[in-house]
Structures are given as structure tokens and as C-alpha cells.
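Combine both chains into one complex, guided by the hints.
So the chains spell out like this:
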Amino acid sequence: MPVITFRQALKDAMDEEMARDQNVILMGEEVAQYNGAYKVSQGLLDKYGSERVIDTPITEEGFTGVGIGAALVGLRPIVEWMTLNFSAQAFDQVLNNAAKMLHMSGGQLRVPVVFRGPNGPAEYLSSQHSQSFQAFYSHIPGIKVAAPSTPYDAKGMLKSAIRDDNPVVFLEAELMYSWKGEVPEEEYLVPLGKADIKRVGEEVTLISFSKPMQMVLEAAEALEKEGYSAEVLDLRSLRPLDEQAIYESVRKTNRCVLIDNDWPVAGFGSYLGWLISKNCFDSLDAPVELVTMEDVPMPYNHAMELAVQPSVEKIMNAAKRVMYV
Amino acid sequence: MAEQVLMLALSPTMEEGTIVSWHKKEGDSIAQSDIICEVETDKATMEYESVNEGTLLKILVPEGGQAKVGDPIAVVGESGEDISALVEAAEQKAESAAAAAAAAPAKAEPEEKPAAAAGVPAMPKPEAAPEPSAAAAAEPAKAEPAKAAAQVSAAGIPATGGLKASPLARKMAGEQGIDIRALRGSGPGGRIVKRDIEKALRQAASYGPAAAVEVAGPAIAGIPAAAGPTGSGRDEKIPVSGKRKIIAQRLSESKYSAPHYYLRIEVDAGPMMAARGRINSRLPKDAGGKVSPNAFLIKFAAETLKKYPSVNASWQGDTILRFGKIDIALAVAQEDGLITPVVRDCGSKGIVQIDRELKVLIDKALTNKLAPEEYSGATFTISSLGTSGILEFTAIINPPGSAILAVGRIHKVPVVEDDGSIGVRSQMMLTLSCDHRVIDGAVGAAFLSDLKAMIEYPIDHLY
Chain A
0 MPVITFRQAL KDAMDEEMAR DQNVILMGEE VAQYNGAYKV SQGLLDKYGS ERVIDTPITE
60 EGFTGVGIGA ALVGLRPIVE WMTLNFSAQA FDQVLNNAAK MLHMSGGQLR VPVVFRGPNG
120 PAEYLSSQHS QSFQAFYSHI PGIKVAAPST PYDAKGMLKS AIRDDNPVVF LEAELMYSWK
180 GEVPEEEYLV PLGKADIKRV GEEVTLISFS KPMQMVLEAA EALEKEGYSA EVLDLRSLRP
240 LDEQAIYESV RKTNRCVLID NDWPVAGFGS YLGWLISKNC FDSLDAPVEL VTMEDVPMPY
300 NHAMELAVQP SVEKIMNAAK RVMYV
Chain B
0 MAEQVLMLAL SPTMEEGTIV SWHKKEGDSI AQSDIICEVE TDKATMEYES VNEGTLLKIL
60 VPEGGQAKVG DPIAVVGESG EDISALVEAA EQKAESAAAA AAAAPAKAEP EEKPAAAAGV
120 PAMPKPEAAP EPSAAAAAEP AKAEPAKAAA QVSAAGIPAT GGLKASPLAR KMAGEQGIDI
180 RALRGSGPGG RIVKRDIEKA LRQAASYGPA AAVEVAGPAI AGIPAAAGPT GSGRDEKIPV
240 SGKRKIIAQR LSESKYSAPH YYLRIEVDAG PMMAARGRIN SRLPKDAGGK VSPNAFLIKF
300 AAETLKKYPS VNASWQGDTI LRFGKIDIAL AVAQEDGLIT PVVRDCGSKG IVQIDRELKV
360 LIDKALTNKL APEEYSGATF TISSLGTSGI LEFTAIINPP GSAILAVGRI HKVPVVEDDG
420 SIGVRSQMML TLSCDHRVID GAVGAAFLSD LKAMIEYPID HLY
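Sequence order for the protein chains is A and B. Each residue of the first sequence is one higher than the one before, starting from 0 at the first, in numbering that gives the first Met the number 0. Each residue of the second sequence is one higher than the one before, starting from 0 at the first, in numbering that gives the first Met the number 0.
Check before you lean on any hint, since a few could be wrong.
For the chain B half of the interface with chain A, some residues (derived, Cβ under 7 angstroms), not all of them [unchecked claim]: (1) 165; (2) 166; (3) 167.
In case anyone wonders, no lab produced these hints; they're calculated from the structure. Cβ atoms here follow ideal geometry from the backbone N, Cα and C, with glycine treated the same way.
The following block holds chain B by itself, in its conformation from the complex (with noise of 0.2 angstroms):
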């Protein structure tokens, strides 16, 4: 009986994939496991291995033509075999996401979108709702668990249709943290077997040692040989854990589709300093000690997010979702990995206020306290490694927000006053990544310059 032959996900990512050429023409038997075609993936072009078997009665995707994964792109069958039923329903199948791709240009898979994470993610927990900061709180914390536990199978679960794969396959993925949509089955109609999630896991293995190679050095008159923290000198394969295998998913989901751009200033971090002096200096002694200067960077960036809304925003595939609170994360690094607590509504709220929240919250993240609702949905994302001596790098998106703000160590600087004299400065670099589906360009330039204004004269913007 003739099968459809269908567009795989040749790429851990892919969505789509463009034909680039055919190896066989209409008429040509095939066997399993022959190239039939090469195919443009978000990443490379990759060679499309047959799971059928047959002849090639039915080109539907030709050469230059794309397809999403899924989608049928040939018909395999025997010859003078009809075919016309499964040719008009790929066609059909054809309109209709044309038609769909009219309405929404630029449409992605809305389905998939990543829960968390990027300069700093965390636990699983679906996000999307149109509110996340009312939604996970109104949630009875029981609620989670469920929750955390479908959004985990659904990594190992495709969401695509066209996909087969067998039970015990399914399971082993998700186990595993293997996609189980970047694999190939070698089962009948291309189904994933368990095989097939052995030879996943034996090639990852196979990549791994390489990547942890510790080479021990030879010791050179008193200076210790450079070994590994075993001291052995031998390589050691670490177990990841799943709060890493969720860190890594998270990241590489967010890095992998949201393109990302980078914006840099020079801010004089002098008022902000002398203003949380001043704070500080008239705070009772029992208030909780002093207001940390990432409290006033979560309050000035909530004031300029105020202006920018369609920076408080969310790509979720063929709308975007302007959020009707400013919630910001600061990202925490953790023993065993990185998380972010989230202060909710930080736009109405207090400079101090919003620190004391801050210590709160801080204090869970280093002890592993913090309850799903409290790390997740955050609409803006601050990660500062100033402490670390750090003057500037760029950080990954934590969705679902669109930007994250990396804050590098205040130091002094000279510099060249307007008048031409010579002074010192106490000048931070901050660096903002933003997705361009949600952020233009000059939209995320304004809102950063205005960040640097809003932090370097703050009394301007309460007129």
C-alpha cells in the first residue's frame, strides 16, 4: 500500500526544511536507508535516509520547495498503485497551511514554546497563559507536580502527528532527555524503537569524553601538574541531573529560537550609588539590612518597561503577548546550577519594597526553597556578575520574556568631563539581549538608552 513519505526532523530544532535536491525521480525504486533527497535544515543540509520501501510514485515537495516536519513530501508505494487519495489530502493538507501562513506570516509552532530560561532557567512549568504572575499564583502549589511531570513527558513526546515511535521508545526519551523528534527510526513507517534511543544515547556518550578531556600536565619544578578535581588526571563522566538537563534544554531552546541581538552602554553608576547611600544611611537599624543596588536596577528597569510595553512582551508563535505586569527575575547562581526568582508587579511597587521581596526570595533560591510559581514567568530578566569582577558579557533569553539586561562590576574610570577637565567615574556596562521576532533594533536601543537615562538622573523621569 502506498505510504506518504514525510518530512523528519533532521535537526533537534528543525520545524521546516527546504528540498535542496532530489537523488531519485518519479518511477525509481528505493530501498530502506537509501538517500532519496537532501534537505536544508535550520542548521545544515542533511542527507534524508528512505524508512520506506517501494517505488517513488509521487514528488510532493519539489526541489527549492519547503516542507514543515510532518508534512508529506513523496509517495512510496508500488507502481500503478492509485494514489490520488493520498496526493489530493497532501495537497489539501498544503492549502491549508498556506492559507494559514497567509494570516500569520510568520508562524511557528506555538505548542512548543520553552517554559523557562536563559540567562538562568529553571524548573518546568508551562508557560503562556495570558497572565503567568496571576495564573501561578492563584495556583494551589499541589497543582504542581502534575504540572511539572506532564510538561517533562511532553519533552519526550512529539507533539507532530506524523511522528511514531513505540512506547517503551517514548519513555526511554523522556528518561533520557534525548528529543525524540531529532531521531531516525529505523522501525516500519520510520517508527522509533528502543534501538534507536540506545544508538542516541551511545553517540552522545561518544561525544562526551571528548568535550571533558583533562589533560594532566607534566610537573614542572614545583608547580603542580594541572589534573583533574579528581587529582587522578583521569576524565570523569558527571551524571547530569534533571534541574541541569532542564538549565541545558532551556537555554539551547531559547538560544536555538529566539534570535537573539546584542545591545551595549556605558551607564555612570554614581547617583544610583549615591542614592542607595543615602537610603541606606536613614534605614532603621532592624529594617533587614541595606537596599542592594539590584533592587534599584529591578525598580528603574520596571519605570522605563512602563514606556516600553512591547518590551514586556512574549513571541508565542503567531501572536505576541503584551503582559499586563512587569515581573522581573534576578538570576541566582546556585550549587548545582542557576535560578531565577521573580519579583512580581515590580511597577508598583517600592525600591525598597521590592529588595526586601529580593532577600526573600534569594534566600529560597540558595537553600532549593523556592516554589515553581517563584521562579517561573518572568516577563524581564536581570543577571548581574559584577560581584564576579566581571565587566560585560551577554546573556541568554529567559523566556517567556524577550530581553534580559547583564549588568557588569561598577568601577571607576577616568574620564573626560564636558568640560574638558579629567574626573572619575563609577561607570557599569549593561548589556541587553533581545529577541528580534518581539524587539526591533532601535525599539530595544530607546528602551536601553532610556534605562541609562532613567538610572543616571532618576528625578527627570518623576516630572
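Looking at chain A on its own, in the form it has when it is part of the complex (with noise of 0.2 angstroms):
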């Protein structure tokens, strides 16, 4: 099976797509001449031309709104946010537009469209530019959030994304582009809603999403070599939300750990942290664990950086904590 890497696969989800049906269109801040800030829509324009990959003025909320009514019209538009941190210019046209429009116009109203691009920290980015939407955008009726964490999943999601009728905001990250998995020549689909073991384990079930997974995965393997054997969950799809892995695994494991490299209060994590507890609570054998980022503004400092948000260091002590060892 080719290995490609999770922008190559993105890049061919949206080829592919666009070869299909021809309503699929994608727009957004130098997705066209520059081939996108990450370059995940390399030779898009050469193929679909001008009309079909379309560079937008630096206004997010203006061309947000273009792609939501866009979509009420017919097309299936890929609107590309360069950063999720920019998204907030736009947050009130996917609040209040792209998220009632169905609900509002009583079914009448239809809006496909994807809103793709990296959320949460990279490396020295600072305060503004450092942050994770999951929370805001999972908190919102009305969208569906995809996070996926290979290039397998990322191809086949975003797939499934663009043929939904219904708005998803797609969360990538920006040093995932680079990351290389196997990945079919042959089409398929990954569907919307449904997680993934990634691991299977018996004493502690770590649960993650998106970019954490690979420092989850590799906190598993270290406790592989002290002797704890850690089942770890791709949630993959934040909304829908496939809550009946999350209580099999629990279940079976009795112990928790999640890990969501966003801030602790009110995020996406501290809502699994509830699900689990009213969900398992006679099977829990230790309080569900929650590894998040500090609850402060991103600092520049690149050791502080990372020091305030999840490592495998961090993780595997949650999982040791659950399992009273």
C-alpha cells in the first residue's frame, strides 16, 4: 500500500472529489496561485481552474459566508480557513448561519459545506496563534466536527465530509501535514462518527483525537515496556460522538484517561470526563483522568511551550494513577 503523507492525502480527498462532482468547489486565503499556505492543495487550480479553486481576500468572516451561501444554493464548497485561530473572525457566520440554517428554515435549507484547516498549538507561535476550536465548534448543534489523525482516516473523512449535507468543520494540524501513513489507491470512505481502536489493551483505556494520538500511541508503547497494557481510542469524530466505543472500552478497562490538548475548562474533554463517569460509574475503578493544556495563554518561550501542554510523560502518569501503580 503507498505511504503518503496526511497532506498528500487531504489533497487527494478534495481531487478526487472535485473529479466527481463538479459543484465541489474550494476557496479560501492562497489555496489557488500559492497552492495553499501548507501547500494541501498543490496543483488544484492547474487542474479545476480559476472558477473552482478560488483565492479570497484576507476577510474570514466575508468569504465564510460566501461558502455557507454558496452552499445554500447548490454547491458543495471546501472553505479553507488558513488557521482555526483566524476562524474566530468568522465564528458568527458558522454560529448562526451555517449551524440554523436547517434547523430555521424547517428542513427547507441544506448547507454542505467543509470548513477545513490546522487547529491547536505548533511550535512557537504564541498566544494568539496557538489555540484549539475543538471546544467552540463541538459546543455548537447544527455542525459536525471531524478530527482525524492518520492519512488513512484524513482521506476518507474528509470524504465523507464534503458528500454530508449537512456543515463540518474539519480540524487538522499543522504538523501533522508532514505525517506519512499507508494510505489504498482505491477509493473509500471513512464515515463520520465512528471511532477507532487504534490499540488494543486490558488495564487503562487512553482516549485522544487528532494530533495527541501519536504522543498517546507512544505513551501506550512505553507502558507496554513497564508492564501496563493500555487500550487506546481515535475518537476521530467529535460530533457525532461515538459514545458506545468509548463505554466498551471503559467497561472493559474500568480506568480512563483522556487526553485533549485544549484547555481544561469547559473543553471537549471535560464533557467525555462527564459522559464517562454518569455512563460507567459502576465499572470505573478510579476517577476518569483528564490531561489537557494549562489553563493559560500559550507563552512564546518554546520550553514553556511545550511544557504546558500534554506529553507522554504526562500521559503515562495519568494512566499509573488510574491504575494505582
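Here you go:
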């Protein structure tokens, strides 16, 4: 099976869907002539032309609104946000238009738009450009939120997102674009709303999604070397959420550590913690642990930048706490 | 942060412990699993392994002092820490406990009263209602499963606030019938967690086979080797049914918590058997069969209990409950256990009516159809093994009652009559087990002596 980058997997997904359906368009800052700020749309302008691969001005609220409008009248736009930090400018469009139209039109208006871009901290980007948006977007009923962690899942899920009739926020990460993984040549889809066990284990369930998954898998391996068996569950999709997969695993291992690279207060991880405590109460042998970013704006200093984020060591320590070792 | 070191339940039934000696003194550092003191429980002297780490800052209960399970006995923390609040809280608790103890000198844990079971008890049902018979009868049948479930989970969940256990550990303990209070938690702050339950189960399993050993002896000249019921000669583990667990739990609880004593008396059963013969000979053919000796014994016991209301009573911790009615249970053996159907209000019923009700109850007992209110809440219990040829035995009290009468086989014996001649008498041995917390020896003896007189000269009691 060919090994390709996360970046290539996303490009292939868009390419295949644009070839399959001429209503699929791509728009955003520097997606066309510059081939994307992170080169995700490499070659798409040449292949599909400037009518379907559109450079927009630096006006997030404006072009996000244009994308939503285009979706309302029949196109299937992919709106690239250069980073999710900039989507704060467009938040009202997502919250009040994309997420509400189906409901407020009594089911008449569908908004098949995908908003995608890098989310969460990269490196040396300081407070305003290192933020995680999973809690903000997952908070809103009416949109779907995808957060894959492998090139395989990214390609299959982006294709599903493009075909979905609902607005989908598709979370990537700058440092993930160069990650490599096996992706088959033949076409496949990965449905939204299905979690995936990335590693089978017995004594503790580690649950995460998107970029922290790599760190979580490293922690699971390190735990195995110390004689502990950790199961790793990749949520892949935050809305809809595969609750069943979570409960099955936690009921098996009796212990759970959640890893969410976001602030802890009112975060997606805290919500998961409540779900698990409610639905797996009698199966829990220890309180659910939550490993998150510290509750501070991101420091610029690199050592501190790393210190405030989850780490393999922090995950291992949390796993040991719930295993009482 | 400083923490209180709590008295742990070092035996399944321990409610209070006495510090025999401290192995650590104030200022000593303590690691987990260090033996910090020795505690005399209700059964033995046990070593107290620390679940805390740090410095022993304060000993709250000195050598020779007592503490209830869950009460603080020491404070552990970092040296130099301010522990005045913890010490004060502990002292206040001790003072209020002392005040309560002064008010009720023999206070026990009221919420832990066992539901049934002695010579024969039964399925779970909370007792302690002031009028068990009335309450049970008034309750809709559908309320029973919920109550039963509550009782089962109560077995797994400690009533003491000081005990920590994970939800999983509590659930497992409930399912496996383990008394979680008897365990020592290995989690933070002594929390009982999954591995502690698993350890307890492994220990229980390792004790099992020794008790169940069946050795196949060598076959000698035509005598078959003694083999186990399976004939294979191998040990066999029999899973314990829910009913068996409850019987075990209730009987243990009764035997361990109620101080039993036993009174034995020989009774001339002749007059009773003669009266029975007369009644039976006059009964219409369709009356439903012969009146059983048990119906006579129940009636005589009820009449005697009327004279001794202090025997028809229950230990309730800080009160003694005198029952308003006389509800007498009869122990009935079943294939998979035993059960105690209850004839209600025996004091106001005749022998024939008691016998008819008893027959219906026994039929239901043998077909497992008794409703909980039909087998619980007895104020007095009778157990008879006479039909198995047993001459005499002692029975375990069936709570909430405080006494149980064990009835032996009626058998003919030669006796020297008052005039020196030798006669033949139908003798029966009665053994009364009493809860000394409720019934003192003299009262128990007077009751049993009056019961004997009632059986031998029933007409005397009509005066």
C-alpha cells in the first residue's frame, strides 16, 4: 500500500471529490496560486481552474459567509481557513448561519459546506496563533466536527465530509501535514461518527483525537514496556460522537485517561469525562483523568510552550494514577 | 496535606477496636504498609498496616483506647503542618460519641441489623419496622423486589462514611457477596479498588478446597471406596447460590453479633400427644388432615410468650423492641437451603387454625412459592429435627427475634415415678437459644420452665 503524507491524503480527497462532483469547489486565502499556505491544495488550480479553486481576500467573515451562501444554493464548497485561529473572525457565520439554517428553515435549507484548516498549537506561534477550537465548534448543535489523526482516516473522512449535507468543521494540524501513513490507491470512505481502536489493551483506556494521538500511542508503548496494557481509542469524530465505543472500552478496562490538547475548563475532554462518569459509573475503578493544556494563554518561550501541553510523560503518569501503580 | 488515620474494620464484624500498642510514635515517618499499631478486634489482635504516608503528627487514641470503625486514631502529614483543625474535629467527634455512649451504654450500630436468619432464615428483607407483621402484610407485593435489591446492595456498600471504595469495587463486592468493610484498600487514602476485591476473591478461593477435600479411601474387600458425590474422587467447587449466600450471611451475622446462650429442658410429651390424638380423632374427614405436633408447640409457645413479653422482643441497638404480636416461624428444610414461614398473630389463634395456616405455608415453602412477607419478621422461631431422629440440638437465633426453640425427637424412656415405680414416658428435649442482650438467663429459664408446664399441663393455664 502506498505511504503518503497527511497533506497528500487531504489533497487526494479534495481532488477525487472535485473530479466526482463539479459542484465541489475550494476557496480560501492562498489556496489557488500559492497552492495553499501549507501546500494542501497543490496542483488543484491547474487541474480545475480558477472558477473552482478560488483565492479569497483576507476577510474570513466574508469568504466563510460566501461559502455558506454558495452551499445554500447548491454548491459543495470547501472553505479553507489558513488556521482555525483566524476562524474566530468567521465565528458568527458558522454559529448563526451554517449551524442554524436547516433548523430555522424547517428543514428546507441544507448547508453542505466543509470548513477545514489547521487547529491547535504548532510551534513558536505564541498566544494568538496556538489555540484549539474543538470545544468552540463541538459546542454548537447543527454542525459536525471531524478530527482525524492518520492520513488514511483524513482522506476517508474528508471525502465523507464533502458528501455530507451538513456543515462540517474539519480539524487538521500544522505539524500533522508531514505525517506519513498507508493509504490505499482504490477509493474508500471513512464515515463520520465512528471511533477507532488504534491499539488494543486491557488495563486502561486512553482516549484522544487528532494530533495528540501520536503522543498517546507513544505513551501506550512506553507503558507496555513497563508491563501495563493500555487501549488507545481515537475518537476521529467529535460530533457525532461514538459514545458506544467509549463505553465499551472503559467498561472493559475500568479506567480512563482523556487527552485533549485544549484548555481544561468547559473543554471537550471535560464533557467526555462527565459522559463516562455517568454511563460507566459502576465500571470505574478510579476517577477519570484528564490531560489537557494548562489553563493559560500559550507562552512563546519554547520550553514553556512544551511544558503547558500534554506530553508522553504526563499521559503515562495519569495512566499510572488510574491504575494505582 | 495532613490526613486522619481512621480505624479500619480489621475483621468482617468489627465495629470497634482497641489499640493494644503503637509501633510508631509521634514524629516517626511512616510509609505505606508500615505496621503502625496493633488493634484488638472482636476476634483477634491484628496488625494495622498504614495506607497513609508521611509523618505521624499526632496519636489521637492512646494504647488501651478504643475507636469505632471509621473514627480517627491518628493524624499523618508533613512535619510542621498545622493540624489543629483535624485534631479538634476528631476530639469533637470523640466527645459526641462519648455523650451518646453515656446516654445508651450498650449502643451498637443500628443500621446494620440483619434481616433474617438463624435456625433458618431467609431472603433479604429489611426488618426493624416496629410492627413487622402489620407492615409486611400492608406492603404491596410489588414493592418487595426493590426492597430486596436495596438490601443486597447495602451488603456491598458500607454504612460508615469513612470507607472509600471505587464504584467498580463496590459493585464487585456486592455481586460476590464480599463484605467490603472487611477489606483493606490499597488505593490512595485507603480506597478499596478492583485489585483488592480480586485479592479477596483469590484468598477465598484458596481457602475453599481445603474445606471441601474429599479423599477417596482404598477399596477394601468389597467395601466401596469413599468417593465424592461425583464418584470421581476429585474435589468439586459448587457455586454458591444467592439464597445460600444470604443464609450464610444472616446466620453468621446472628451468631457473631447476638451473644447466644442455651437452656435445655426435658419435657413429657405424653399429654400433648394424647391431646393431639383426641383432636385428630374428632376432626371431620374433610378437615384437611391431622393436626401436627408443630401446631401444638407453636400454640404453647405463643401462650407462654404472652406471659413473657420480654422474650417476644428484638435488639435494636439503642432500644429493645417489644413486638405487639406474636409471629412464630417454623424452620422448613428445602432442597437448596432452608426457610422460615411465619404464622402471624399466634396468640389469638387456635391450634387447628394455626395448623391449617402452617400446612399452606409449608406447601409453599417446599415449592419455593413463599412471598417475602410470609417468611420474614418472625418474633420467635421453632426448629424441629425430631423426625430425623435428633434427640437434642442448638439452633442459631433468627433475627429480628431473640430466641429460637430447638425441638428434639419424642422418644420413650423409662422413668422413676414419684412413688418409686418404673414407668415409660414420651420424652422430648427442648433447647432454647437466647440473645443475652435482650433475654437474661433467669428470664429465659423461667420462660422455658413455663413452656414445659404449658406442654405437660395445658389445662392449668386456663385458670
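Comparing the hints with the structure gives:
Restraint check, residue 165 of chain B versus chain A: the minimum CB separation of about 5 angstroms is within 7 angstroms; hint holds. Taking 7 angstroms as the C-beta cut-off, the interface hint given for residue 166 of chain B holds, the closest approach to chain A being about 5 angstroms. Annotation: interface hint on residue 167 of chain B holds; nearest CB of chain A at approximately 4 angstroms, less than 7 angstroms.
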